[in-house]
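Enquirer: Let chain A serve as the given structure and place chain B on it in line with the hints.
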Amino acid sequence: MSDIAVTPPLNPGAPVKPDPAKPALRTVVLYRTKLWVRVWHWINALSLFFLLVSGLQIFNAHPALYWGQAANFTHPILAMQGVPVGGSWRGVTTVFGHSFTTTGLFGASDYHGSIMRRGFPSWLTIPSDRDLANGRRWHFFFAWAFAINGAAYFLYILIGRHLKKDLWPTAEDIRSIPRSIIDHILFRHPHGEAAARFNVLQKLAYLVVLLGLLPLMILTGLTMSPGMNAAFPILPWIFGGRQSARTIHFICAWSLVGFFAIHIFQVFAAGVFNEMRSIITGRFAIKVPADAPPFDGEGVAR
Amino acid sequence: MSGPLLNRRFFATALAGAGASALAACDRLASSHHVMKTIYSAEGLTRRIQRLILSPGQLAPEFQPHEISPMFRANGSVGVDDPDYQDQLAKGFPDWRLEVGGLVKRPLKLSLADLRARPGRTQITRHDCVEGWSCIGQWTGAKLGPILMEAGLLPTAKYVVFYCADTIDPEAGAKYYESIGLADAFHPQTILAYAMNGQPLTEPHGAPVRLRVERQLGYKQAKYIMRIEAVNDLKPINGGKGGYWEDSTGYEWYAGI
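Just so you know, the sequences run in chain order A and B. Under our numbering, the final residue of the first sequence carries the number 302; numbering is consecutive throughout. Under our numbering, the final residue of the second sequence carries the number 257; numbering is consecutive throughout.
Okay, chain A solo, but in the shape it has when bound (with noise of 0.2 Å):
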């Protein structure tokens, strides 16, 4: 098989060789992520950034949350404050009842060479100073940003076939979710054809984002709102109030993080420029058998 004649690589710095212990391999550039969905997604990254760090300002403005309409202020789910020692400030973090000391980090921090009193670090917050009003503006600057940017991307999806061909797990995908678990687990990466599709867990990890923790981040960000609970007292009826509503935002918000972190990681464990020029340009390499017949969508990108 692998003596049969190799066509010419499109990366000619990496020329095949044929080797009779492996199957020829060709390099198929495929133009793989459109441009709207490149778009969106920078939008939505730099939105993201922006709504988290002005997110952290506004909560530092109280930095402890509830349960509920109103706020129970002895007894919060979550606060982190300084207290006062000899001069200086710690600081004690309490979830749940249980309080840790978490001076440097939460509570209290170093500000321009002194421990301050504040919730989230001065280097997680734009403004960096405490500065609720302008916390705000960036926050609400950036949620028209993202809503907008996010409602003419759930348009598309829905009208278009990104969704279904894409995102949408297949029979076969749910059949294969005990695989990919392992696959995952083991670092094993699909080859070939299946590394340009979105795997099962993938797919799944995105719907929760998609259609899950960010429509959320928008629904609990207006139930904060005065104006918009007396046009639609069915938001803060569905959170079970103004203040879990906050606790619910808050939550999402770190999940986000947390969907940053391993989307960040998988990006490297699966090359990172081959990723990073499929999201900036829209083409992604795969390898495919020398032999293998022209491919779906195969030199659109050349």
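Hints are supplied without guarantee of correctness; some may be wrong.
Unchecked claim - The calculated lysine to any residue pairs, modelled on SDA-like cross-linking and capped at a C-alpha distance of 20 Å, are:
| hint | chain 1 | residue 1 | chain 2 | residue 2 |
| --- | --- | --- | --- | --- |
| 1 | B | 158 | A | 131 |
| 2 | B | 37 | A | 34 |
| 3 | B | 37 | A | 281 |
| 4 | A | 165 | A | 207 |
| 5 | B | 241 | A | 131 |
| 6 | B | 105 | A | 255 |
| 7 | B | 37 | A | 263 |
| 8 | B | 241 | A | 132 |
| 9 | B | 143 | A | 46 |
| 10 | B | 37 | A | 46 |
| 11 | B | 241 | A | 133 |
| 12 | A | 34 | A | 281 |
| 13 | B | 241 | A | 134 |
| 14 | B | 37 | A | 207 |
Stated by the list, open to error - If we take Cβ atoms under 8 Å as the criterion, some of the chain A residues that face chain B in the derived model are:
| hint | residue |
| --- | --- |
| 15 | 70 |
| 16 | 71 |
| 17 | 73 |
| 18 | 75 |
| 19 | 100 |
| 20 | 132 |
| 21 | 137 |
| 22 | 198 |
| 23 | 201 |
| 24 | 205 |
| 25 | 226 |
| 26 | 227 |
| 27 | 229 |
| 28 | 230 |
To be clear, the hints were calculated from the coordinates, so they are not data collected in a lab. Ideal placement from N, C-alpha and C gives every residue a C-beta, glycine not left out.
Expert: Only chain B this time, still in chain A's reference frame:
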């Protein structure tokens, strides 16, 4: 030194470095006039869209007596450092008169008894602080709309300004004030509250009278109101942004979000 510790230290240093440079970049952005002008432009969009969605008569959610917060936080000013005010507070405000003036045909001077005799409303609502917390309280007061009608609001009036007795920052010296548009002034839940949870207002909560404008944030709920003025334009008043916090720190005038 074990490997993992070194690794952790390396990552912590790398993270702090990345954080510091991102922070420096963000602060540079935040100090750019053009960037901030763009960022500020979202307020107009928020206000217009909320006005579009929110019909004038739509009420803020109201609650049951058992939902009233046992501890209602008093924020901002919690008192008035003025001997005349303290004297009146001790006596129950016998000489206090609420002045209603500006762009009106018949300026009014209303005592607490006058306010109690006007069309009133009792409502249990949630007070949403801009900082993020909320408290539920019961408010009783005179509806602002009928009082403005009684004074004969002129057609040129566009805003209602509330002048207060308190000074948040004694060094800056500026007295607290707030303003709302006519849509909010004539909203059925907009009242000049003289009682909280069935008792006359206490000093921390704005005695003798505070504003309740329930579809907006806490800083709009001006306390210690002394004078109400109907105006056509907010720009000539104090810092020109329509309120103490709007002038001093840049909170949005439209506080529906």
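Enquirer: Look at each hint and say if it fits the structure.
Expert: Checked hints:
Of the pairs offered as hints, the one joining residue 158(B) and residue 131(A) is violated, with about 31 Å between alpha carbons and a cut-off of 20 Å exceeded. For the proposed pair residue 37(B) and residue 34(A), the alpha carbon gap of about 33 Å is over 20 Å, so the pair is violated. Simply put, residue 37(B) and residue 281(A) have alpha-carbon atoms about 32 Å apart, too far for the 20 Å limit, and the pair is violated. Proposed proximity of residue 165(A) and residue 207(A) is supported: the alpha carbons are some 13 Å apart, at most 20 Å.
Distance restraint check for residue 241(B) and residue 131(A): the Cα-Cα separation of roughly 18 Å lies within the 20 Å cut-off, and the hinted pair is therefore satisfied. Restraint check: the Cα-Cα separation between residue 105(B) and residue 255(A) comes to about 58 Å, which exceeds 20 Å; the hinted pair is violated. This hinted pair does not check out: residue 37(B) and residue 263(A) have alpha carbons roughly 34 Å apart, beyond 20 Å. For the proposed pair residue 241(B) and residue 132(A), the alpha carbon gap of about 17 Å is at most 20 Å, so the pair holds.
Between residue 143(B) and residue 46(A) the CA atoms are separated by roughly 46 Å; this puts the pair beyond 20 Å, and the hint is violated. For the proposed pair residue 37(B) and residue 46(A), the alpha carbon gap of about 19 Å is at most 20 Å, so the pair holds. Under the criterion of a C-alpha separation no larger than 20 Å, the hint pairing residue 241(B) with residue 133(A) is consistent with the structure, at around 14 Å. With a C-alpha separation of about 9 Å, the suggested pair residue 34(A) and residue 281(A) falls inside the 20 Å cut-off, and the hint holds.
Between residue 241(B) and residue 134(A) the CA atoms are separated by roughly 15 Å; this keeps the pair inside 20 Å, and the hint holds. Among the hinted pairs, residue 37(B) with residue 207(A) is inconsistent with the structure: their alpha-carbon atoms are about 36 Å apart, more than 20 Å. Against a cut-off of 8 Å between C-beta atoms, the interface hint on residue 70(A) holds, since the closest Cβ of chain B lies about 5 Å away. Interface restraint check for residue 71(A): the shortest CB-CB distance to chain B comes to about 4 Å, inside 8 Å, so the restraint holds.
The beta carbon of residue 73(A) is positioned within 8 Å of a beta carbon in chain B (closest approach about 6 Å), and the interface hint is therefore held. Interface hint at residue 75(A): violated, since its Cβ lies 11 Å from the closest Cβ of chain B, which is beyond the 8 Å cut-off. Below 8 Å, beta-carbon pairs count as interface contacts, and residue 100(A) has none with chain B, the closest being about 18 Å; its hint is therefore violated. Proximity of residue 132(A) to chain B holds as hinted, the smallest CB-CB distance being about 7 Å (cut-off 8 Å).
Because the smallest distance between the Cβ of residue 137(A) and any Cβ of chain B comes to about 5 Å, under 8 Å, the interface hint for this residue holds. Annotation: residue 198(A) was flagged as interfacial toward chain B, and the flag is violated, the nearest CB pair being 29 Å apart, outside 8 Å. Among the interface hints, the one on residue 201(A) is violated; its C-beta lies about 26 Å from the nearest C-beta in chain B, farther than the 8 Å criterion. Checking residue 205(A) against chain B: minimum C-beta separation of about 24 Å lies over 8 Å; hint violated.
For residue 226(A), the interface hint holds, since its Cβ comes within 8 Å of a Cβ in chain B; the closest pair sits about 5 Å apart. Because the beta carbon of residue 227(A) sits about 3 Å from the nearest beta carbon in chain B, less than 8 Å, this interface hint is met. At its closest, the beta carbon of residue 229(A) sits 6 Å from a beta carbon of chain B; the interface hint therefore holds under the 8 Å criterion. Among the interface hints, the one on residue 230(A) holds; its C-beta lies about 5 Å from the nearest C-beta in chain B, closer than the 8 Å criterion.
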